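Participant: Each of the two chains sits in its own frame; use the hints to bring them together as a complex.
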Amino acid sequence: MALLKMEEWYDLARETNWTPSYASEEELYPETMSEDFGIPLNVWETFDEPYKVSYRDYVRAQRDKDVAAYSVKAALARAEFFKNASPHWKALLALHFSAVCWAEFHSASCFGRMTRFGRAPGMRNMATFGTLDEIRHGQIQIYFAYEFLKHDAVFDWCHKSSKTENWIIISLRHALDDIAHTRDGTTAGVMLNMGLEQSFTNLQFVALSADAAKCGDHSFATMLQSIQTDEARHAQIGEPLVRILCENGRKKEAQQMVDISFWRMWKQFSALSGIGMDYYTPLEHRENSLKEFMEEWVIGQFGRTVEAMGLALPWYWDYLKHDIATFHHAQQIGVYVYRATQWWRPIASVSPAEREWLEEKYPGWNDTFGKCWDVVTENIRNGHYDKTVPAPPPLICNMCHLEVSGVAGGEWQPVDYHVDLDGRRYHFCCEPCKWIFELEPARYKGHRSIIDRAFDGTIGPELDDFLNYMGQSEPERGVCGYDYQWIDGYDTPVAAE
Amino acid sequence: MAVNVQGMKTWSKLAKNKRRPSEYEIVTTNLQTRNRHRDQAYELSPAPDLAMNEWYRKNVFDSPLQHEDWEEFRDPDQLIYRVYTRTQDVQESYVDGLLDDHNEIDHDAGLKPEWLDVLEHLYTPRRYLQTALQMGAAYLLQIVPASTLTAAAGFQEGDEFRWLQRIAYRTRELQTAHPERGFAIKERERWEKHEALQGLRELMELMLATYDWGEAFTALNLVAKPAADETMRELGSTARHYDDHLLAALVDNQMRDCDRSRRWSTALVEFCAGHGDNKSVIQGWIDKWMPLAEKAIITYCAALPESEGVADTAIERLHAYHRSLSISA
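Those sequence lines, one after another, are chains A and B.
Numbers in the working numbering are just positions in the first sequence, counted from 1, shifted up by 63.
Numbers in the working numbering are just positions in the second sequence, counted from 1, shifted up by 911.
For reference, chain B alone in the conformation it holds in the complex (with noise of 0.2 Å):
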């Protein structure tokens, strides 16, 4: 046996670096195979031939937005899969035992009326809101050009999941101890007709819509996910006022997996923004989706209680985080 076998210190592709690469990197670069020719992403016919070659000609190598090599992106959180499941185990933990103590107080039984009536209308309906949050994340990892894109993306949509599952979690225990209103059974009505919902129904309807993946990553993650959250945030905060400190806490928690999609996101922006033109292209889109997510924010805002001012503390956060992402001027 005198084959001459040698080792590596790393993968070829990442001994360019100076760093010693970490686990993320090591485990997450270089795993997704449709970013190689322009005509032929997937190893069948290339394009116009084959419509899914000339999808992604069109809404990826197409794209306005550019980069030489976008497998050079990192996920600033560098998160994995195993460190994912840790996280969010140890966050459910401490949900169940949010929704635990709470249902031993008999917490839903001493909830204002008028509060109850935000619930129904303003909170119960969001699992389709998530969905479609779900839905958009579930979208931007089968296109985006690297697999430290999808990883991200991928993540994200788990959260977006948690969130459905909770509120229907929540649904439930609601309907429960309050039969007599409309929980678990109005919510679809309310998200296809009730007036405070239409704005986020239809920013995610046409962000659902957007399929050049910049655009889409623009749409989703910059404009469309932000403005939800934030319109969450204010759900949350009034809860303190109407004592459901359940869903304080809740929303607070939401929170955090809100933040780890905007520093991705923030990061991806950073990445990219020195590149040709991609400042004024992801400017142009956030252009673009701004009106639709003001307009989502203050429909919805408004029909929170005490609501004066509320929309327009929702929408200064959110252009807060349009200035801190390397675009601004």
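Same shape as in the complex, but just chain A (with noise of 0.2 Å):
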């Protein structure tokens, strides 16, 4: 006799639902946090998550796992490591930190909701290890980015960002409140852990930790595998949800939980992590692109998982095969042009050796993308640094918030996806985030995108009250990460200014 195996009493901690008598079903569980969908709680009390483990376990896994990521001895490599990082690694880091230290933290309350109006005890359960995963990831990606702050002011947008009005953060968030924090506890279990921890953290954590550790950034390396382990471990919410969904006639509301979390997620880390892969990793680092890594992580192994729940592939696969080996080319130019509007230092990245590998990795690169940096790329040479910057500002997905795009060059077939409502009219960057609008205008509808605000009169006219309102002082603003001499590279060297 000692002590029990977790097998032997663990049922017992999931068997807590009680039927209510001082208050109601609808007092408790409110329609705007809680939906059933007509399935009976005793279908909800079968919810069984194939990962289980203790409090008693966690914390002590957990206690561990921080004790080698916070190791002095791995501050001092990081500051070390930093000191000597390439101006592209630099703008990595930074836009990786300012994005996901709130987001992740943010999370935290996506689960809470999961734990007080999901219906499935098990789920309840892990949501709770899910609250404090979320809480350990932003805190210790912070921490982190915190260490690179003394020698880095951008860094200091990893804490400021969240509350700003910047382009990307209302990117992001849109995103994000749409999946995980507006809809309730079982559609939020769905779309948080479907949408985006099941298919993506491993791109965002795994590819980078791989890449991170290319580069000689071990402990970068190894908190993003540790991260990932807590990802794996609660984004294992989502599939008995959808299980339970679909064996009671609802697959149809859970087939479209994951093709719009799927494709809200998919614009972000097309952005955020394809932009990371393909032109922010030093090349001589890079591996896989960003292509590679979605074609084996997402579209071969998290499409098998889809499949496996009894889910259709969505709709818009197809597209997106197209869209993994081009829209994040379209933002990176984006990006780059009108930098001003970032807080970090964008990189180029398309030196003759770097074009080299995009030309390889993405046959085309060069008649279509690369037509666009021939011109940045003369204009450089020219010394007409002003005319790299466009004086018209861009039109925005009133859906997913980045760049209304296209493939440049002979491709170029611009499409005008638009919706009229109410005497509006949105505008959108593909069929899919149209398809969104559409299934729920109420939804998006008031929505106005930073553009909106440009000519609503809500920001000013001038590009200063633009950057202002967006919360970005002068020193706030984004110059070229090489300061243009990437242009070294090609045979003419800069003209004199």
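Honestly, the hints are just simulated from the structure, not real lab data.
Note that the structure is a prediction, hence the values are computed from the model and not measured.
Warning: the hint list may mix true and false statements.
Computed footprint of chain B on chain A, listed as stretches where at least three residues anywhere in the stretch have a Cβ under 8 Å from a Cβ of chain B [stated by the list, open to error]: (1) 184 to 192; (2) 210 to 216; (3) 496 to 509.
Only pairs whose alpha carbons sit at most 30 Å apart, straight line, appear in this in silico DSSO-like list of lysine-lysine [said to hold, decoys possible]: (4) K1097/B - K136/A; (5) K115/A - K1097/B; (6) K223/A - K1097/B; (7) K1097/B - K226/A; (8) K1023/B - K223/A; (9) K314/A - K384/A; (10) K1097/B - K68/A; (11) K146/A - K927/B; (12) K226/A - K969/B.
Ideal Cβ positions, reconstructed from N, Cα and C, are used throughout, including at glycine.
Facilitator: Next up, the structure:
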């Protein structure tokens, strides 16, 4: 006789639903927060989390993980690495940390939604770990980011960005608020776990971690892997939920949840991780492209997961296969040319050697996106730096809030996706973004994009007004991370100004 | 590479503070997005078009509890995740040791029948109570207007789940030692029907159905949870008289977590008490919820053996807690 094994008592800890009588079901589970999809409670109670852990084992394992991640030795190595890191890598770190610290911390609230308003006791318990995990992920990443702050003020945005009206932050907030923070407990569970954690965190954490290790940033790599082990555990909330929905006549709803959330997250990862992987990772450390990662991890692996659950692949799957080779290239151009609207120092990453890599990974790149870079390159070579910044503002998608773009060069086939509603025209970058809007226009129609705000008078007419509105004082406006010297690789030297 | 790169001493948002920020402040402040626009807490259609924006406006921005900058709240323990897991791992190791030692000496076999009655009716059904407390904390953390509050409520939720699982563990052990009894079988029925538990269940259900964030905080952290915890304390103290030293020790350990909840709750009251009508708002809510809490304590404690004066003691402790808050005259 000694201690009981977890499996001997575990089930009792998830037999915790009772029949209330002092407050009604409606009072305890109001519609906005809770949705049972007409599925009886005893069915929700069959929720069986594939990965089981006790609180006791959780705190032990998590403590051990943090001891490794926070070691003084690792911190010293990190500081040393940062001092010698290239502008490429610094841009990547700044982009990563400014987007993920608050986003992850904020997800704790989404798990809180699942715990409080979900119907399955097993999910309640797993989501409790989810809440704790997300507090961890917010805190550990911002701790890392803070170490860089003394070297580089752009890292202030890892803390500051959450409440700013910067267009990239609006885009990310819009997507996360849509899938995770404004849905009922069950829908949020499916959308966050299937649309983000099962599908894309691998991309951000495993892929980025591999790149980090190659660059010699071992503590960043270890931290990312450590986070991914948590994600892999709590992401498993989604699957049993989808199964319950499918087995009880709610396949259509489950399909829609996956289709919406996956697309919303794809657009975010395409821009953030796509630029990170294909442009900001120093060339000598790049192996796989975003497209290759997507093909293996997402189109392959996640696609199989979706089908194994009895769902169809999202209807836009073929379009996605095209998008993984195009969208982020267009966004990279936008991010570089409108660089003052970024808080970090964007990298062009189109030196001759880098173009060669892009052409190899994305055959035809030179004839398409490369054409835009030809113009930027020529302007810089001729000393016309002002001509590398477009005067007109970009068109922003009213769903993903990223730039409406297409494939440049010979394949330029602009398509105008729009919806007219209540006297207002909404623009979209693609059919899936438009489709999401049309499913629930009331959710989205009152929101104004950054460009809408520029035109309706919310933001003043001058460029300064625009940048100040986004929370960017003069030193917080992005400049070319290499001060245009990436041009040195071209045969003509930079013209004197 | 002539780009001029300069560093900063600390986050710009913490730079105005005189003191060097602690790790807690560095990693816990300003990490939430929803407390920005009254009609548009979430980056979608403003209220009333989006129900969740309406919910947030009504229950947070328009709550009677007001403060111009909730982000300034600080947990007095300055608890961060990596300290939380470290601390709780130590506590859980201690609890493992307790359970192991008592299992070794066949502790449960020696418990008196009249005490086993008490455990069956008043202890093991408390895993449902812990569930209600877990859910209550989960609501708070998703609605509160600052990330420092989310962290505090998040760790509290973890604590409630901790004790939910420990009660489940003990339930199985007691069932193994006393298979003829209702352990692991009758808890739900007792939670729903046993007279002694109905006051607590009523308090919990009504607390859970409270959505204004200020009132939800008051109902849970200033009244319902402390009331539930006081009944646990009394159960633990009675356990000593029936040679259930294991339960007594477990309760002592649970009270460490409860004390932490009270510390941050006290700090939150102190943080906002000086603003507007907050003092009377909080006092009003406490007055509203206390009759239910007193009833819950009285009905529970009445079922304890040798219960004379026990409920009064527990209620007095709850009053003392309220007197310690900065709303007290």
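Participant: Which earlier hints turn out false for this structure, listed by number in ascending order?
Facilitator: The structure breaks hints 4, 6, 7, 8; every other hint is satisfied.
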